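Engineer: Residue numbers for the sequence shown follow this note's numbering, so the first one is 603 and each next one is one higher.
Hints were generated in silico from the structure; no laboratory data involved. Here the structure is a predicted model, which is why all the values come from computation and not from measurement. Heads up, some of the hints might be wrong.
In silico DSSO-like cross-links for lysine-lysine, where the CA-CA straight-line distance does not exceed 30 Å [what the hints assert, rightly or not]:
1. K778 <-> K1153
2. K907 <-> K918
3. K643 <-> K730
4. K1101 <-> K756
5. K1102 <-> K1044
6. K783 <-> K1040
7. K619 <-> K778
8. K756 <-> K793
9. K857 <-> K1101
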Amino acid sequence: MSQLSEQELVRREKLGKIRELGINPYPADLFEVKNSSKSIKDHFVEGETVVIAGRLMSRRIQGNASFAELQDAEGRIQLYFNRDEICPGDDKTPYNTVYKKLLDIGDFIGIEGTLFKTKVGEKTVMVKNFTLLSKALRPLPLPKLDAEGNIHDKFDDPELRYRQRYADLVVNPHVKEVFEKRTKLFNAMRKFFNDAGYFEVETPVLQPIPGGAAARPFVTHHNALDIPLYMRIANELYLKRLIVGGFDGVYEFSKNFRNEGMDRTHNPEFTAMEIYVAYKDYNWMMDFCERLLEHCALAVNGTTKATFGKHEIDFKAPYPRVTMAEAIKEFTGFDITGKTESEIRQASVNMGIEVDDTMGKGKLIDEIFGEKCEGNYIQPTFITDYPKEMSPLCKEHRENPELTERFELMVCGKEIANAYSELNDPIDQRERFEHQLKLAAKGDDEATEFIDFDFLRALEYGMPPTSGMGIGMDRLVMFLTNNQSIQEVLFFPQMKPEKKPLAISEDAKAVLELLNKSENITLNDLKSQSGLSNKKWDKAIKDLTKNKVAKVEKTSDGLIVSKI
């Protein structure tokens, strides 16, 4: 209790007083909401009775009357509390005590009242009865507006917002729009697939072999079976098993997990959509993809155009189609066609690209494209016909055996879709898997280290010609909502463990403030600036070093204190 802020202590005192009045601050009873802030405003009828619920977000108390704002899932509505309307009898406790003294901003309340317009035309609910539905014990991080109209204490620190998304959604209502658009995107894509006659399925999240992509998996252990299991890095091989089983078209929105780095475009848990359609090839899939994304952009934003940073992107079909060889030749002058691994390695070095002995031909080409070409494609563009070494699950190109029938869709220099004419030759597939094992043994960390023998067995039963496509849903949401960071489009992005508040003395905090102003300082200078007595100084510096906030090192210049 001693660690609670003054406001939190006050709210707990109010909680006790509410209970003393015989009011349950967390009632279990149903409160039947009949209206919303939006429906009231859209279909306003003077004098109509309404029942609404939400958070109390502001109050302007003026004696026996008060204006307030209520926020529900659809917006805000003004409330008018009048003591005599709420308390027509002699007992004025509900207004004088409960409303004025014991309620706080952030509390959930239920309201019964009638509608009217103020003198300035504001649509307002005249409160007849109110019910406390949930007492908030922690104050919301609401921004403050001063007399000059300047906003202070905005809740805009990204780390705090992502950690406390629940508070972010309450005090920054515009954030909710991003997630509403996210849901619109999924619904639009699902409708497009369903209307085409394709079947939504579910595949395992825990897999005995991590397949369908080259990535480092999360590993767990199944006690009953006494075997390792891997969290899904992709669902491709399971979906293709279903094509073998007789489905003409299947798709899945899957949560995938990759035990790799995190940055503005990568989260260890992410959402992908994969779709596989029998009797199709990658040319058909390109047509399908551009029609799909045009449809989704319209559904989400009402237009095919979307702003992303300084760029305006247009998802209207059709999109340009450029082979990987053409792209590399255009931006580097080097033609990869027919070149050996050593020639491509030397060309990479000449371009200033870092290479090492673990890189095979495919990885070298991928590095060249990533470094020199990728960022140039702002408008949606299909990059096609990848070298075979880069695509172990993809069908050999019908005209060039060194290539595969694959495309990636690039937008603003980022890949958002990846598709193949799927490899359905089980002998060729086995050889590709074995080649991947050799690359992995050589040290290529993007080569798969597993052969899925059950998948090979499925192919041996026969899989029809098939085209498949994967789309990174989080990245697509970023493009459609103009967000540069993947954390903005995930409700709860993965974060580093939250640092616990430092259990240090006030003197130690004062010394830390001095240390913040300088990268390092001599021990004697820091002690002198602190103005502390010897006893207090010793305790303060021990607090900082014990809590690993600062360190003291012996140097030629004497004892130096620096932050850790």
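Engineer: If a hint holds in the structure, say so; if it doesn't, say that too.
Structural biologist: Outcome of the hint check:
1. K778 <-> K1153: violated (44 Å)
2. K907 <-> K918: holds (8 Å)
3. K643 <-> K730: Cα-Cα ~19 Å, so holds.
4. K1101 <-> K756: Holds - the C-alpha atoms of K756 and K1101 are around 22 Å apart, at most 30 Å.
5. K1102 <-> K1044: The hint is violated at about 43 Å.
6. K783 <-> K1040: violated (44 Å)
7. K619 <-> K778: Violated, at roughly 35 Å.
8. K756 <-> K793: violated (39 Å)
9. K857 <-> K1101: holds (28 Å)
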